[in-house]
Structure formats: C-alpha cells, structure tokens
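2 protein chains.
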Amino acid sequence: MEIKFCSNCGGNMKQGIPHGDDHMRAICTQCGFIHYLNPKVVVGCIPQWGDKILMCKRNIEPGKGKWTLPAGYLENGETMEAGAARETLEETRGMVNITGPCRLFNIPHVNQIYMMFRAELTSREFGPTPESTHVQLFQKEEIPWDNIAFSVIHKTLKDFFSEKHRGSHSFEIKTMEAPLPHG
Amino acid sequence: MEIKFCSNCGGNMKQGIPHGDDHMRAICTQCGFIHYLNPKVVVGCIPQWGDKILMCKRNIEPGKGKWTLPAGYLENGETMEAGAARETLEETRGMVNITGPCRLFNIPHVNQIYMMFRAELTSREFGPTPESTHVQLFQKEEIPWDNIAFSVIHKTLKDFFSEKHRGSHSFEIKTMEAPLPHG
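Protein sequences appear in the order of chains A and B.
According to my numbering, the residues represented by the first sequence are 7 to 189, in order.
According to my numbering, the residues represented by the second sequence are 7 to 189, in order.
To be clear, the hints were calculated from the coordinates, so they are not data collected in a lab.
Check the hints yourself; a few may be wrong.
The list makes no distinction among identical chains, and a pair is therefore deemed to hold if it is satisfied within one copy or across any two copies.
Here are the simulated lysine-lysine pairs, PhoX-like style, with alpha carbons at most 25 angstroms apart [stated by the list, open to error]:
1. K170 to K146
2. K20 to K46
3. K164 to K70
4. K170 to K46
5. K146 to K70
6. K10 to K72
7. K180 to K20
8. K46 to K180
9. K63 to K10
10. K58 to K10
11. K146 to K46
12. K10 to K46
13. K20 to K10
14. K20 to K58
15. K72 to K180
16. K170 to K20
17. K58 to K72
The whole structure should be built from the sequences, with the hints applied where relevant.
Set out below in structure tokens:
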C-alpha cells in the first residue's frame with residue numbers, strides 16, 4: 007500500500023530518512039508526520055477432531071477454490087490465541103480450544119508473520135461461511151495436498167503430521183523464502 | 007494514531023463496518039478505501055556474555071533513564087531474528103547470534119506483540135548509542151530490578167533467570183494485562 011496523502015493533515019507525502027532513523031519512510035511535506043509501515047501478524051490454527059483436522063476451501067482471493075487452514079490478520083486489542091479462535095469461527099463456524107503454539111513463520115517478502123497454533127474442536131459443528139465454500143474434516147491421507155492455497159499452510163501441515171507421527175510436538179520458528187520466478 | 011485523511015486520495019474519513027466485516031474501520035468518504043490498523047511486532051533479545059546479560063539505559067521516551075533489553079519494531083522485509091539483532095546493534099553496538107525463542111507476549115491493550123529471543127554476544131564490544139546513555143553487562147544480582155522500563159522486559163528477565171536456574175530453557179506465550187489504574 008503506497009501512502010500518497012498524510013492521514014494526519016491530508017498533505018502530500020515525500021520519501022526520506024527521518025533524523026535518527028536509517029530507513030526510508032513516507033514523511034508529510036506539510037506537517038512532518040512520519041508514516042511507518044510494519045509487518046502484519048496472521049494467526050491461525052490446526053483444528054483437530056480425533057485423528058482428523060478441519061480445513062476450508064477458500065471463497066475469496068487470494069487462493070480462491072483452494073484449501074487452507076483457518077487463519078487471518080490479528081486485530082488490535084486481541085491476543086494471538088483469541089485471534090486464531092475468532093478466525094476459525096469466522097471461516098469454518100467451528101469452535102476451538104487453542105492448545106499450544108505450533109509454528110511461527112517469517113515471511114519477509116510479503117511483510118507478514120504467521121503464528122499457527124494447535125487446537126481442538128470443541129464439537130463436531132462446522133460448515134460453510136461467506137469466506138469458505140466447503141469446510142471438511144480430513145485424515146492425513148485425505149488432505150488435498152496438491153490444492154493448498156499457501157505454501158506456509160502446506161509447510162505447517164507437513165510439520166504437524168511429521169511431529170504427530172514422531173509422537174511429540176515442538177515449537178519452531180521458520181522463514182519462508184520468496185518463490186523463484188517462473189520460466 | 008487516528009486516521010483523519012485518506013492516504014490514498016486525501017479525502018475525509020468516517021468510521022463504519024465495511025460489507026462482510028465485523029469491526030469498525032476508518033473508511034474514506036471519497037474513494038471508499040478502508041484503512042486497517044493492526045498490532046505491531048516488537049522484537050528483542052537477552053544478549054548473554056558468560057553468566058552476564060547486556061542491558062541498556064534508555065535515552066529516549068518512553069522509559070527514559072530506565073533500563074531495558076534491546077528491542078524495537080520489526081521492519082518490513084525483515085525476519086524477527088534479523089530485527090532483534092539489528093535493534094541490539096542500534097541500541098548497544100553489540101553484535102549477537104540469536105540462539106532461540108524465549109518468550110512471546112500478547113500486549114493487547116497497546117496493540118503489540120513482543121518476541122524476545124535468547125542471544126549470545128559475539129564479542130565484548132558494546133557501548134552507548136543515541137538511544138542508550140549506558141550499556142552494561144549485569145549478573146543476575148546486579149540487575150537494577152526496580153528501575154526497568156517496561157513490565158514485559160521485567161517479566162522476560164524473571165522468566166529467563168528462573169529457567170536458567172532450573173537448567174533448561176523453554177518457549178512460552180504469555181499475555182500482559184493492562185496495569186491497574188492508580189489510586
């Protein structure tokens with residue numbers, strides 16, 4: 007998102023390095039207000055029901071028509087755990103208890119941090135929502151591995167099942183690199 | 007930070023709930039642009055040198071004159087580990103290797119997520135900077151516990167030393183509540 011006008015006074019912006027700073031920022035030519043752009047936090051979870059996990063088929067871009075885990079932007083005033091449970095409710099109508107941290111991803115090329123939790127569905131109630139055309143429980147072998155919306159979700163699921171196979175869960179921080187250009 | 011003018015077209019803003027959303031947002035009355043405000047990520051570390059840790063005395067508000075661990079806002083395009091090392095360099099002139107995650111804090115009342123890492127100084131070189139009047143190594147008993155700038159830093163240090171005493175480090179997510187009003 008480019009900042010063309012100052013949100014404080016409506017003035018025109020210029021790019022520059024403020025005094026004492028070492029990054030280029032959008033600075034207002036009129037009132038001097040500095041606009042900082044920082045990474046956003048995405049929170050989500052792996053909702054478990056017995057040996058199955060709950061996934062949703064996206065009804066919105068990006069990744070429309072592909073499968074994902076419930077996840078979305080953390081809101082102001084919200085804990086990460088509350089945000090992950092809220093996104094799960096919004097995208098799947100499923101209620102979860104967040105049981106622990108699973109993976110934290112740096113995704114620097116899109117200015118995002120992804121925090122994925124392990125979670126347990128509190129009942130077998132779930133279903134489609136404005137954001138998801140299908141919401142479905144999958145055993146590991148049933149997961150549509152070739153039709154997953156985001157590489158960070160693919161990685162989360164692979165790690166989750168390999169730890170589950172090993173019989174112990176851990177927490178790790180990983181970095182997703184920008185995909186190589188085609189051609 | 008209140009959004010008074012649209013950063014896209016300079017138009018006046020109104021508060022409202024966009025279609026398909028359930029949160030109040032700042033919406034442009036002229037071009038319809040929606041401005042989202044999301045939590046910011048602060049990254050920092052506990053720089054270790056033998057049995058001592060490196061702290062800095064703040065030269066800027068908030069908490070000017072009080073002691074803290076090096077930490078600051080994660081920048082776009084940066085991993086959390088790189089951000090923590092950069093902040094350490096900027097605030098203490100010390101170079102660190104990030105060795106692992108220590109604590110992740112929800113601080114919902116100030117719309118922040120704090121990620122604190124364990125780290126090791128790569129040399130004994132450090133010193134004051136524009137952001138820190140003093141930079142100093144402390145053994146646990148020497149830490150100015152009553153003069154620490156932020157409760158999240160106090161908690162990080164308490165947890166770190168209690169785990170060190172136990173002989174094993176873990177990772178945990180915690181939530182800092184708003185302080186009770188005085189009086």
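Intra/inter-copy verdict for K170 and K46 if alpha-carbon distance must be at most 25 angstroms: Result: close neither inside a copy nor across copies, 29 angstroms intra and 32 angstroms inter.
query: How do K58 and K72 come out at 25 angstroms by Cα distance, when the copy is not named: within, between, both, or neither?
result: within (19 angstroms within a copy, 50 angstroms between copies)
- request: Go through the copies and call it for K63 and K10: within, between, both or neither, with a Cα cutoff of 25 angstroms.
  value: This pair counts as neither: shortest intra-copy Cα distance 36 angstroms, inter-copy 37 angstroms.
query: With identical chains treated as interchangeable, where does the CA-CA distance between K170 and K20 reach 25 angstroms or less: within a copy, between copies, both, or neither?
result: Answer is neither; intra-copy 51 angstroms and inter-copy 48 angstroms both fail.
message: At most 25 angstroms between CA atoms: does that hold for K164 and K70 within a copy, between copies, both, or neither?
response: within (21 angstroms within a copy, 46 angstroms between copies)
task: Measure nothing new, just compare the shortest in-copy and cross-copy C-alpha distances for K146 and K70 to 25 angstroms and report within, between, both or neither.
output: Answer is within: at 22 angstroms inside a copy they meet the 25 angstroms cutoff, but 53 angstroms across does not.
- prompt: Is it within a copy, between copies, both, or neither that the alpha carbon of K20 lies no farther than 25 angstroms from that of K46?
  reply: For K20 and K46, both the intra-copy (23 angstroms) and inter-copy (23 angstroms) Cα distances are at most 25 angstroms.
message: I want to check one pair: K10 and K46. Are their C-alpha atoms no more than 25 angstroms apart within a copy, between two copies, both, or neither?
response: both (20 angstroms within a copy, 22 angstroms between copies)
message: For K20 and K58, with the copy left unspecified, which applies at a CA distance of at most 25 angstroms: within, between, both, or neither?
response: neither (52 angstroms within a copy, 44 angstroms between copies)
Homo-oligomer pair classification [K146, K170; C-alpha up to 25 angstroms]: within (10 angstroms within a copy, 39 angstroms between copies)
- request: With 25 angstroms as the alpha-carbon cut-off, assign the pair K10 and K72 to within, between, both or neither.
  value: neither (34 angstroms within a copy, 38 angstroms between copies)
query: Are the CA atoms of K46 and K180 at most 25 angstroms apart within a copy, between copies, both, or neither?
result: Classified as both: same-chain Cα gap 16 angstroms, cross-chain 19 angstroms, threshold 25 angstroms.
When each numbered hint is compared with the structure, violations occur for hints 4, 6, 7, 9, 10, 11, 14, 16.
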